[in-house]
Amino acid sequence: ASRQAYHQLKDRIQSANWILSFASFGSEINLWPLNQDLAKEGRLVLPRLIRGHLHLFRVEDIGHLELHSWGFLEPDLLDCCPIEASLIDIALI
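First residue of the sequence shown? That's 24 in my numbering, and the numbers climb one at a time after it.
Just to be clear, a hint being listed does not mean it is correct.
Per label pair, the in silico range of CB-to-CB distance [claimed, not checked]:
#1 Ser38 x Gly75: 29 to 39 Å
#2 Glu83 x Ile116: 34 to 44 Å
#3 Asp34 x His76: 27 to 37 Å
These are computed hints drawn from the structure, not numbers from a lab. It should be emphasised that the depicted structure is a prediction, and the values quoted were computed from it without experimental measurement. Even glycine gets a Cβ: it sits at the ideal position worked out from N, Cα and C.
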């Protein structure tokens, strides 16, 4: 399913500038291959929870993520720049 999702999503998001994705973990569908491609292309946006509020950040390198206490990865505040939600073309939920 992950491989099929990668190919179908990759084709459908080609014209989008900013793609909000998620840092899959556990039993969630594996979007890491797609997220890595989007980061290399400079189009990946991932959420981070800050004081109970969701904020969005550009991620240009998967290495710029840090482990949240709940076990998932999220953007490192020192390496990732905030981005306004209004700029997101496609959200993968």
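- Item | Numbered hints the structure breaks, given as an ascending list | Violated: hint 2 alone.
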